[in-house]
Amino acid sequence: MSDVFAEVPAQSTKPTIFFDGTSSRRRQVTLTFGDALEITEASGAPVRWAYADIRRADSPSGILRLACTTAAPLARLEIRDAVLAADVTARCMRLDEHRTSRRGVAKIVGWSVAATVSIVCVVLFGVPLAADRLAPLVPKPIERRIGDASEVQVKAIFGGKACEDSAGKAAFTKLVNRLRDAAGLDDDSMTAGVLPTAVPNAFALPGGKVYVLRGLLDKAQNPDELAGILAHELGHLKHYDNMRGLIYNGGTSFLIGLLFGDVTGSSAVIFASRSVVEASYSREAETAADTFAIEVMHKLGRSPKPAFELMYRITGKEGGSKLTTILASHPLTEDRLARMTKEDRPASGPPLLTDKEWQSLKLICGSGKI
Amino acid sequence: MNDMQWTPIGSEPIPPPLPPTRVDFSGNRSEFRKMVTKGAMLELVTFGFYRFWLVTDIRRHLWANTAIDGDAAEYTGRAKELLVGFLFALAILVPIYLAYFLVGIEFERWQGFASTPLFLGFYAFGQFAIFRARRYRLTRTVWRGVRFWMDGSGWAYSFRAMAWGLLVLLTLGLALPWREAALERYKMQHSHYGDLRGDFEGDGWTFFKRAWWLWLLSPIALLIFPLAPFFYAEFKAREWRWWLDGIRIGGVSLSSNLPHDAFYGLYWKVIGWWMLLSMAFSVYMGGGALLLVQLSGVPADQVFGGDNAAKSIPMVVMMVVGYFALALAINIVMRVYLQRDLWAKVLETVEVHNIAAAADVRGSGELASALGEGFADGLDVAGF
Numbered sequence: 177m178s179d180v181f182a183e184v185p186a187q188s189t190k191p192t193i194f195f196d197g198t199s200s201r202r203r204q205v206t207l208t209f210g211d212a213l214e215i216t217e218a219s220g221a222p223v224r225w226a227y228a229d230i231r232r233a234d235s236p237s238g239i240l241r242l243a244c245t246t247a248a249p250l251a252r253l254e255i256r257d258a259v260l261a262a263d264v265t266a267r268c269m270r271l272d273e274h275r276t277s278r279r280g281v282a283k284i285v286g287w288s289v290a291a292t293v294s295i296v297c298v299v300l301f302g303v304p305l306a307a308d309r310l311a312p313l314v315p316k317p318i319e320r321r322i323g324d325a326s327e328v329q330v331k332a333i334f335g336g337k338a339c340e341d342s343a344g345k346a347a348f349t350k351l352v353n354r355l356r357d358a359a360g361l362d363d364d365s366m367t368a369g370v371l372p373t374a375v376p377n378a379f380a381l382p383g384g385k386v387y388v389l390r391g392l393l394d395k396a397q398n399p400d401e402l403a404g405i406l407a408h409e410l411g412h413l414k415h416y417d418n419m420r421g422l423i424y425n426g427g428t429s430f431l432i433g434l435l436f437g438d439v440t441g442s443s444a445v446i447f448a449s450r451s452v453v454e455a456s457y458s459r460e461a462e463t464a465a466d467t468f469a470i471e472v473m474h475k476l477g478r479s480p481k482p483a484f485e486l487m488y489r490i491t492g493k494e495g496g497s498k499l500t501t502i503l504a505s506h507p508l509t510e511d512r513l514a515r516m517t518k519e520d521r522p523a524s525g526p527p528l529l530t531d532k533e534w535q536s537l538k539l540i541c542g543s544g545k546i
Numbered sequence: 077m078n079d080m081q082w083t084p085i086g087s088e089p090i091p092p093p094l095p096p097t098r099v100d101f102s103g104n105r106s107e108f109r110k111m112v113t114k115g116a117m118l119e120l121v122t123f124g125f126y127r128f129w130l131v132t133d134i135r136r137h138l139w140a141n142t143a144i145d146g147d148a149a150e151y152t153g154r155a156k157e158l159l160v161g162f163l164f165a166l167a168i169l170v171p172i173y174l175a176y177f178l179v180g181i182e183f184e185r186w187q188g189f190a191s192t193p194l195f196l197g198f199y200a201f202g203q204f205a206i207f208r209a210r211r212y213r214l215t216r217t218v219w220r221g222v223r224f225w226m227d228g229s230g231w232a233y234s235f236r237a238m239a240w241g242l243l244v245l246l247t248l249g250l251a252l253p254w255r256e257a258a259l260e261r262y263k264m265q266h267s268h269y270g271d272l273r274g275d276f277e278g279d280g281w282t283f284f285k286r287a288w289w290l291w292l293l294s295p296i297a298l299l300i301f302p303l304a305p306f307f308y309a310e311f312k313a314r315e316w317r318w319w320l321d322g323i324r325i326g327g328v329s330l331s332s333n334l335p336h337d338a339f340y341g342l343y344w345k346v347i348g349w350w351m352l353l354s355m356a357f358s359v360y361m362g363g364g365a366l367l368l369v370q371l372s373g374v375p376a377d378q379v380f381g382g383d384n385a386a387k388s389i390p391m392v393v394m395m396v397v398g399y400f401a402l403a404l405a406i407n408i409v410m411r412v413y414l415q416r417d418l419w420a421k422v423l424e425t426v427e428v429h430n431i432a433a434a435a436d437v438r439g440s441g442e443l444a445s446a447l448g449e450g451f452a453d454g455l456d457v458a459g460f
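Protein sequences, first through last, are from chains S and E.
Take 177 as the starting number for the first sequence in this note's numbering and just add one per residue.
Take 77 as the starting number for the second sequence in this note's numbering and just add one per residue.
Be careful, since some hints might not be right.
[As the list claims (entries may be wrong)] Keeping only pairs whose Cα atoms sit at most 20 Å apart, straight-line, the calculated DMTMM-like set for lysine to aspartate or glutamate is:
(1) S:K283 - E:E157
(2) S:K190 - E:D147
(3) E:K110 - S:D234
(4) E:K156 - S:D234
(5) E:K156 - S:D394
[Unchecked claim] Stretch-level coverage of chain E by chain S, calculated; a stretch enters the list once three of its residues show a Cβ under 8 Å from a Cβ in chain S:
(6) 226-233
(7) 306-318
FYI, nobody ran anything at the bench for these hints, they're computed from the structure.
Ideal Cβ placement from N, Cα and C applies to all residues, glycine included.
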């Protein structure tokens, strides 16, 4: 068949290749323009592709690769000759119909922005609302379980076991019970303890658990200072702040993570936006807990101010740039102290603990330094 | 039209073994760069949702410009499939995350931090995702009108990956070559091109012999930081070459003469760009702050430590804009060097032997869903 090669004109040194989509055989074909595109292999009946069904497929430059919507999905016609390619292109009116056009891109952008706006709205309004409504509805057993789990973790971080000195414990229980009664918390499973660590802090856990860290106890100079802080933590329990925070944090981090996907470096953006959003949320909760502490202390006829003097001794002046203020999860201590000074009243009730009880409470973790 | 009469290949007498064919990559670099730049900007505007379209465009570009034996491949996957896969994966992952949270609580109640092993479950899931993502990509790869496809089970693969992973952990990384060989064998033996079945002939021992000294020297790289990119580049080049040498599809085999120092330049260029961009970012921030001080007439310590929100807002806005520009530029650099240039560099060293075995392959295999890609996206795992 070598004589056949001689008949091939110069322009077809670039052959037209057809793959029928069922086999990888490379078929050299000729094209005929009838009422449809006829693709003819040397031997065999022509394959007919209607011009309206022909679509462009991806190809390297210099090759026109075509597919047909009514043929086998992987059937491809490859035209390497520029003139022939131009002829075919001119006849196929819907060649590029399936490609992403400028309008298509605009549509993607539009929908993405819509999705983003909706997610942002949910983060700003929906999740806080859901957290506020759902937190009181979380069944007590579940809350207690979450509390038990975090208690185990917290104890593992802060020195293993709660301090056990019996006289100190009795004094501590007395203090907590007086506060609890004044706070109107009916949760009888409430537990409180002192953990042996030098960190000066206190916190509340779900399921009615309040912990004071020894560092705070060491810095406290009288029962009122400690009581105010405990009252603040009871405020968190009363307002279900733990469960609210849990629902809120879980919801926002999930939604913001979803929003940013895997744009490189997104974790920094996620972190930044989360801390701004969450900080404002938890600041509200802290202010509410402060209000609660003021009420409880007044009910007991004691001033709430000493607690915040203790806090100020620990943190010092916090006010700095506006940026840190936006990011802070607590109101600034000096602002809180100023508020408490306004609420300061001379003591009208009996002291919360006797001097002796206070002394034994101070020694609840033993007298050794940490 | 002229009557072009050509002899179909099938009717010729069987030719003697041909010399190996090369793989040609004809992609235009500036075209790729423009595509990636535009894509990165759209990614920012769409808060990342454009990633499905950009990833698809990148693959289409790379596939379409890769020609084996004169015929270019084609990527038939579409961005919408990835988006749908991602949404489905999300719908499955959300309850799993919730269950993980609840089970975690029960574990923690029992003992502090006891739920850490649950993390392993996510690792296993990640391995499953890697297998299924590869299946998706392979079934969207078409050459000469016939697609590649994959069978096998993602969970069986995940189990193997976990078991081998444990061994690698116990041997402090020494078993890594055997793990890679075993996993790649599983993947390749379940890969097909039409009715040709793939295989992987690379063995762990060969890889070990090529790279054991890197394992030995790796503590040095941790001490002398500038050496780390050299070590990593060295390791990656050896790994790529070993991987390519082992690939078989039917009677077709690959080989590569990728030099051991092939990636030095690429990694250092990325690091160089990264440093340059960070420097530009600091200059921009410094200059901006200075300009702000000049214009507002406020002393510098008040701009930074300011008690007045109105004065630090321009600073914050500037920082955010600069940060996004930096992220965008690094994004582009990574894609151009570590995807496009690496692809081109590897391909130019590849030789294909006995390509005639793929001259008349019957097409078969079903399309796989993009769910695996969705999982990989949702779990943030990368793998090939």
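Worksheet item: Against which earlier hints does the structure fall short, listed by number upward?
Response: 5, 6, 7
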